[in-house]
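Asker: Residue numbers (my numbering), protein chains in the order written: chain A, 98 to 219; chain B, 64 to 209.
For the record, the hints were derived by calculation from the structure and aren't laboratory data.
C-beta atoms are modelled at their ideal positions from N, C-alpha and C, and glycine is treated no differently.
Take the hints with a grain of salt, since some may be wrong.
Cβ-to-Cβ under 7 Å is the rule here; a few derived chain B residues that face chain A [unchecked claim]:
id, residue
1, A82
2, L100
3, E161
4, N178
5, V188
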Amino acid sequence: MSAAQLRVPVLLGPVPCLGCAAVSRAPSAAPVSHVASGDAALGIFLFLVTPVGIVPTSAGERESLGISPDRLLYWTRCGNDLQLSNLRLRAWQATVPIFYFQYEVAIEADAAEMAVTGGSCP
Amino acid sequence: MTVTATRLAAGLVCALAAAGCAGARVNVTADRARYPLSLSPAVRDGSGRLYDARTLVKVGWLDVHKMTTGFVYSALTVPPTRDFSDEINAQVTAVGGEAVIDLTISIGGGCGWLNGFPILNALPVWPGCVPVRLTGDIVRRSPPAP
Numbered sequence: 098m099s100a101a102q103l104r105v106p107v108l109l110g111p112v113p114c115l116g117c118a119a120v121s122r123a124p125s126a127a128p129v130s131h132v133a134s135g136d137a138a139l140g141i142f143l144f145l146v147t148p149v150g151i152v153p154t155s156a157g158e159r160e161s162l163g164i165s166p167d168r169l170l171y172w173t174r175c176g177n178d179l180q181l182s183n184l185r186l187r188a189w190q191a192t193v194p195i196f197y198f199q200y201e202v203a204i205e206a207d208a209a210e211m212a213v214t215g216g217s218c219p
Numbered sequence: 064m065t066v067t068a069t070r071l072a073a074g075l076v077c078a079l080a081a082a083g084c085a086g087a088r089v090n091v092t093a094d095r096a097r098y099p100l101s102l103s104p105a106v107r108d109g110s111g112r113l114y115d116a117r118t119l120v121k122v123g124w125l126d127v128h129k130m131t132t133g134f135v136y137s138a139l140t141v142p143p144t145r146d147f148s149d150e151i152n153a154q155v156t157a158v159g160g161e162a163v164i165d166l167t168i169s170i171g172g173g174c175g176w177l178n179g180f181p182i183l184n185a186l187p188v189w190p191g192c193v194p195v196r197l198t199g200d201i202v203r204r205s206p207p208a209p
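All chains, full assembly: derive it from the sequences and hints.
Answerer: What follows is the structure, given as structure tokens:
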């Protein structure tokens with residue numbers, strides 16, 4: 098997960114600015130957005146019969162999960178910051194030997210828009 | 064035909080009996096970080112002024128990894144929360160940085176074989192894992208032009 102396309106700070110942790118001390122920011126009145134990134138796949142194992150023998154392979158479908166901060170929060174007002182919280186990651190895989198596999202890796206967080214006193218725009 | 068069907072059914076039952084899953088889930092924090100950490104290329108100073116690539120200079124590269132293990136089909140993760148503050152503080156301090164920008168949180172490779180290990184991942188005691196990686200640019204403010 099990244100937010101490389103956003104023009105406002107997308108903060109993780111308690112320090113809001115350069116040279117500032119850690120602060121506990123008041124909860125935002127604005128709604129909290131759920132951002133996520135990751136991917137999931139499911140498929141089946143295949144055993145191809147070829148002139149050189151049986152070659153194991155797999156076929157399946159892969160999909161991206163969630164909506165990234167870059168897409169969901171692009172229009173954040175430039176005088177405000179975004180604060181991430183409740184950041185959680187998971188990796189999981191299921192297999193039925195010879196037949197089936199499924200995996201999922203995901204990164205999720207809550208993002209809240211925070212008003213910044215004197216916050217300037219680029 | 065009946066023998067073939069029986070064998071197929073037996074094979075299917077065996078495969079399903081060996082079906083399993085494994086993984087882990089972890090909460091990531093940086094609650095004791097002493098520097099601003101931004102997932103975007105921007106960070107502010109105390110007055111609210113915005114700094115980006117034009118007004119910041121890169122002084123180093125942040126790279127922190129932590130592996131977390133899970134059990135019971137990922138229902139139990141030890142520890143459930145990982146704090147990256149100490150490693151971040153140490154790396155930023157070491158290069159004289161003031162902030163981390165372009166922070167990227169990712170799940171590295173290396174656990175697929177463990178989480179998907181055939182047959183053994185059917186056991187609840189079989190461990191799964193999630194490898195967390197944080198990377199970013201360590202920056203400080205550019206000195207004012209003379």
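Asker: Give me the numbers of the hints this structure contradicts, sorted from smallest to largest.
Answerer: Violated hint (a single one): 5; every other hint is consistent with the structure.
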